[in-house]
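Asker: Residues per chain are reported as follows:
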Amino acid sequence: MEQAIQQPQFTIEEVTDPAAVARFQAAMAQFERNSNWLQAHWEELLPQALGKFVAVAGAQAFLAETPAEAWTWTKTAHPQDQGAFVEYVRPEKGPRWYGNRR
Amino acid sequence: MVIAGEWLRCADGQTRPIVLAQVLGAGGQPTDVRFLIDSGADATVFSAAVLEELHLSELPPPPGLALRGISGDSSFVVIETVIELKRNDGGPARIRGSFAAFTDSAATDLSVLGRDVLDNFDVILSRPRNEVLALAGNHRYAIQAV
Chain U
1 MEQAIQQPQF TIEEVTDPAA VARFQAAMAQ FERNSNWLQA HWEELLPQAL
51 GKFVAVAGAQ AFLAETPAEA WTWTKTAHPQ DQGAFVEYVR PEKGPRWYGN
101 RR
Chain L
1001 MVIAGEWLRC ADGQTRPIVL AQVLGAGGQP TDVRFLIDSG ADATVFSAAV
1051 LEELHLSELP PPPGLALRGI SGDSSFVVIE TVIELKRNDG GPARIRGSFA
1101 AFTDSAATDL SVLGRDVLDN FDVILSRPRN EVLALAGNHR YAIQAV
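Protein chains in written order, with our numbering: chain U, 1 to 102; chain L, 1001 to 1146.
Hints were generated in silico from the structure; no laboratory data involved.
No experiment lies behind these values; they were computed from the predicted model shown.
Be aware that a few hints might be false.
Claimed, not checked - Covered, in the sense of this in silico footprint (three residues per stretch, anywhere, with C-beta under 8 Å from a C-beta of chain L), are these stretches of chain U:
(1) 23-29
(2) 39-46
(3) 66-76
(4) 80-88
Stated by the list, open to error - Every beta carbon over 10 Å from chain L, so not counted as near; a handful from chain U, in silico:
(5) Gly-58
(6) Ala-59
(7) Gln-60
Glycine included, every Cβ here is placed at the ideal spot set by N, Cα and C.
Isolated chain L (complex conformation):
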């Protein structure tokens, strides 16, 4: 399985690795989400703007667990949903599980795909080659001297 993202320019002029996905909300209704690929983030988290549209049941966060966004500690809830990432053959890879979602809009602009999901893939972020790739299953990478 190969999932390809892109290096996209954000509002602040910075170019970041982003993958487009659909997230299933109430009744299986898909919502389009641009995820920052962040191997430094421990957990995947949805932005408050995305949470607003999903209309899913929200569970309180586990006791003693905090999530820190750009603006510091931020309130969050837990939702169960499916993230659909586009494979290079065009079909979706469905990732089903429990995810955090910020309730404060200022916590983050982009939803974040963190290591809880990324640990299931070989992740390649190459700005010089303009590549954003996640590999799993029967795909792998090789390093060659050129």
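Excised from the complex, chain U in its bound form:
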């Protein structure tokens, strides 16, 4: 496992099975709709979202204290939405550098 992380090896496959492609496209369309919705509504969620987990489903947002609470909301409020997602909203301001390995 150590070798897998430090010298990663991946298999990359292009899926062409029509049923798998159709399922994927349907889910991604809902995901893209929710992602676009969040882009257009950040102002309504801030600053109360800072330090919380924002869940987006059905073109609605829910602010939660924990990831579990956020994911539970997506399943109960919008059980048919295959494009729900949850992200933490960092409270800090200013430029940021993302992660690396050492």
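For chain U, the structure is supplied; the task is to place chain L on it using the hints.
Answerer: Here is chain L on its own, set in the frame of chain U:
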């Protein structure tokens, strides 16, 4: 193969290159994940919020290996999963392998697609042209004087 992402505005007002994907959790259940495309990150890593939903078996990190997030060194686990990225023809490109996942929510807001995955692609990040592209297989880029 062409995979297209987007420049998306984040909560802090910054616009970053992001690609949407599905990640397969326990039983093959997909979870929707927005990945930051980060060619400066050595490794792909999932946020703690995503890890929570995947319900996958978690392996301890290799001895002596640390991951550093925005807030400094952060605890992590290793999971085996599949990342499905959307090709421009609509179908998924499945990337199967072992990945790190932060266990601390403060480590990162976005999951990060790092060079372990990106090294398999030609990556184009063009803010002026509003393009986020990853190319592989029979697709490549050309530079032209205009």
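Asker: If a hint holds in the structure, say so; if it doesn't, say that too.
Answerer: Here's how the hints hold up against the structure:
1. Coverage of the region 23-29 of chain U by chain L holds. Counting CB-CB distances below 8 Å, 4 residues qualify, and the rule asks for three or more.
2. With a threshold of 8 Å between beta carbons, the proposed coverage of the region 39-46 of chain U by chain L holds, since 4 of its residues qualify and at least three are required.
3. Here the region 66-76 of chain U counts 4 residues with a CB under 8 Å from a CB of chain L, which clears the bar of 3, and the coverage holds.
4. For the region 80-88 of chain U, the stated coverage by chain L holds: 7 residues have a C-beta nearer than 8 Å to a C-beta of that chain, and at least 3 were required.
5. For U/Gly-58, the non-interface assignment is confirmed: its Cβ lies about 13 Å from the closest Cβ of chain L, beyond the 10 Å cut-off.
6. Listed as outside the interface, U/Ala-59 is consistent with that label: its C-beta sits roughly 14 Å from the nearest C-beta of chain L, beyond the 10 Å cut-off.
7. Distance to chain L confirms U/Gln-60 as a non-interface residue, since its nearest Cβ pair spans about 15 Å, more than 10 Å.
In this structure, none of the earlier numbered hints is contradicted; all agree with it.
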